[in-house]
Amino acid sequence: MSARSEILQRVGDAIRGAPAEPVAREYRRTGGLDADARIELLRDRLVDYRADVHEVDDVQAAIASVCVAQHVSTLGVPPGLPGEWRPGGVEIVDDHGLSPRELDALDGVVTGCTVAIAETGTLVLAAGPAEGRRALSLVPDLHVCIVGRDQVVELVPEAFDRLGELVREERRPLTFVSGPSATSDIELSRVEGVHGPRRLVVLVQP
Numbered sequence: 000m001s002a003r004s005e006i007l008q009r010v011g012d013a014i015r016g017a018p019a020e021p022v023a024r025e026y027r028r029t030g031g032l033d034a035d036a037r038i039e040l041l042r043d044r045l046v047d048y049r050a051d052v053h054e055v056d057d058v059q060a061a062i063a064s065v066c067v068a069q070h071v072s073t074l075g076v077p078p079g080l081p082g083e084w085r086p087g088g089v090e091i092v093d094d095h096g097l098s099p100r101e102l103d104a105l106d107g108v109v110t111g112c113t114v115a116i117a118e119t120g121t122l123v124l125a126a127g128p129a130e131g132r133r134a135l136s137l138v139p140d141l142h143v144c145i146v147g148r149d150q151v152v153e154l155v156p157e158a159f160d161r162l163g164e165l166v167r168e169e170r171r172p173l174t175f176v177s178g179p180s181a182t183s184d185i186e187l188s189r190v191e192g193v194h195g196p197r198r199l200v201v202l203v204q205p
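For the record, in the sequence shown the residue sitting at position 88 is 87 according to numbering that gives the first Met the number 0, with numbers rising by one throughout.
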């Protein structure tokens, strides 16, 4: 028996039969904010993360305006993105297995989301038809995400209640987006775009 195996066996023998430590689960599982307050809290968190947030009635027109403002000429989309979310005036590129190089060449990407968490300012993409695979929302420099008001919950446990079946039954990968990608070095110098899009625009629709 190797030294490694012997050590692991001794550890296993020591903890075998030991009772599991109780885990406190006294955290809040249900929020108390109404829909308007949840939207406002989500906006506050996302703006603090340096994302742009807009409530819009015409999603297609809003995306077109973002494309003009951000100088977007090629826009990646998941194949299941609704037609009414696809703006004119730009080249729409459906992601049918685009290579990393092809994804990097896109000016931006538009996706939906499965749920948004107001308390943490987090968008959760669950690889649905309008969300696509993870690489699509992580490689391009600009991510425009469409959020429905009914998709906004207040707390993290509420989000996982919605995501549970997708994870347990369909084994979908989850992507959590809390603002534009950013990191800081030891001197707290902030650098954006290292691990994902430098720019995040969130459009909240009724």
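One or more hints might be untrue.
Derived Cβ-Cβ restraints for the label pairs, each shown as a range [to be verified]:
| hint | residue 1 | residue 2 | range |
| --- | --- | --- | --- |
| 1 | 17 | 100 | 48 to 56 Å |
| 2 | 69 | 34 | 54 to 62 Å |
| 3 | 156 | 82 | 33 to 41 Å |
| 4 | 21 | 164 | 24 to 32 Å |
| 5 | 56 | 128 | 22 to 30 Å |
These are computed hints drawn from the structure, not numbers from a lab. Each residue gets a CB set at the ideal place from its N, CA and C atoms; glycine is no exception.
Hints, verified against the model:
no.	hint	result
1	17 / 100: 48 to 56 Å	holds (52 Å)
2	69 / 34: 54 to 62 Å	violated (29 Å)
3	156 / 82: 33 to 41 Å	holds (35 Å)
4	21 / 164: 24 to 32 Å	holds (28 Å)
5	56 / 128: 22 to 30 Å	holds (23 Å)
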